[in-house]
Amino acid sequence: MFPPATLQNNSYEYFYNISFGDPEGLWNITAEIQIEQGNTVRCYENVNVSLPSDIVRYKVVWFSPSNEAIYYRGSTFAISVFITEDDNSVTNASANCIMPSMQKAELPEIKQGYYSGSYFIPWDSPTGIWSLSVESTKGSGSSLVAGGSNVIIQIKSALLNLGVVEHSSDEYILGDAIEIKVRLRYPDGLGVENATVTAKIAGENLALDSEGGGIYSVNCTTAVTTVGSQIIEFSASDQFGNNASVTQIIYIVNKEKSEFPFYQILGFLCAIIIGSLVIIFIKKRFSSLRLKDIESEIEELQRLQNEATTKYYINGSISRETYDTLRKEHTQRLAELGKRHPKKERISTVRKKTKNT
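The sequence shown begins at 37 in the numbering used here and counts up one residue at a time.
A hint or two may mislead.
Pairs of lysine-lysine residues, derived as DSS-like cross-links and limited to a Cα-Cα distance of at most 30 Å, are as follows [to be verified]:
no., residue 1, residue 2
1, K174, K95
2, K140, K174
3, K147, K95
4, K192, K217
5, K174, K217
6, K140, K95
7, K364, K347
8, K236, K192
9, K236, K217
10, K192, K140
No wet-lab data here; the hints were simulated from the structure.
All chains should be built: construct the whole structure from the sequences, respecting the hints.
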């Protein structure tokens with residue numbers, strides 16, 4: 037969590053400045069030394085920490101980040117506090133947030149009593165629990181007044197962006213060469229250099245080579261012995277332990293397999309023939325029904341014409357004007373039906389008989 041100690045006179049030394057924002061009480065200090073062959077030695081020490089009550093008079097209230105908040109490497113979190121003394125806001129004070137690395141983030145006063153800043157979490161920052169301490173001071177020497185408080189946050193590895201940007205095809209024949217290219221980026225869009233990128237297909241792990249700018253590629257032959265869909269599993273990790281993974285599906289086909297099998301072509305032709313026959317049948321059926329309707333209407337018009345002739349010439353029950361009107365209407369309608377009826381001679385004959393009559 038803290039920076040490594042320095043070696044001085046055959047001993048390691050580390051200096052930590054206790055801020056006015058650090059908690060009081062019993063501190064458990066752990067020293068960890070990694071020796072050869074990966075072995076680790078730890079030792080522990082307890083110290084009691086207290087803050088001078090005559091100086092610590094300021095109260096620091098955290099607005100951001102909230103306690104136990106989770107952040108990722110490569111992200112920026114806001115730091116915002118409100119500083120008071122006896123319920124009155126403190127102005128023109130100096131406020132800083134101290135990180136576990138002993139880095140300080142300055143918090144300028146944005147309005148009366150409110151101090152705010154931000155901190156970018158580097159890609160190589162230690163992961164785990166961080167204790168953030170904000171201390172506020174004003175004056176110096178015997179007139180120094182201070183105060184502070186702390187919160188706990190959790191830092192996790194960055195989630196890198198890994199995507200397949202180029203491959204020669206989604207379908208390959210057994211033994212074909214596969215060309216695959218991926219892009220690895222940090223969340224801010226910057227390409228990841230010096231990363232370890234691998235692709236796993238059919239149980240075989242392949243290392244991708246860097247082309248620069250976060251681009252990694254590999255050329256290989258299919259390592260599978262059966263046709264069907266295959267999953268390529270990509271994984272990547274940068275030098276700080278940030279990682280990403282993604283999968284890609286490809287299809288392996290047999291070399292002897294025809295691109296358009298005979299049974300598929302035959303089925304396609306059968307579908308076309310059946311569809312054509314259905315359309316022809318529907319058209320004929322519809323035409324037959326329409327023809328019957330036309331013939332029925334023609335017969336009815338013929339009956340009406342004969343009835344009008346009888347009423348005028350024999351019974352004298354209708355006037356000449358009515359007779360001429362009915363005959364004109366019937367003749368016009370018969371002409372319209374004649375255009376849609378294939379047997380026009382029949383309608384012409386009807387007209388001749390009507391005229392002779």
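For each hint, the structure was consulted:
no., hint, verdict
1, K174 x K95, "holds (13 Å)"
2, K140 x K174, "holds (17 Å)"
3, K147 x K95, "holds (17 Å)"
4, K192 x K217, "holds (28 Å)"
5, K174 x K217, "violated (57 Å)"
6, K140 x K95, "holds (19 Å)"
7, K364 x K347, "holds (16 Å)"
8, K236 x K192, "holds (26 Å)"
9, K236 x K217, "holds (14 Å)"
10, K192 x K140, "holds (21 Å)"
Hint 5 alone, counting from the list given before, is not met by this structure.
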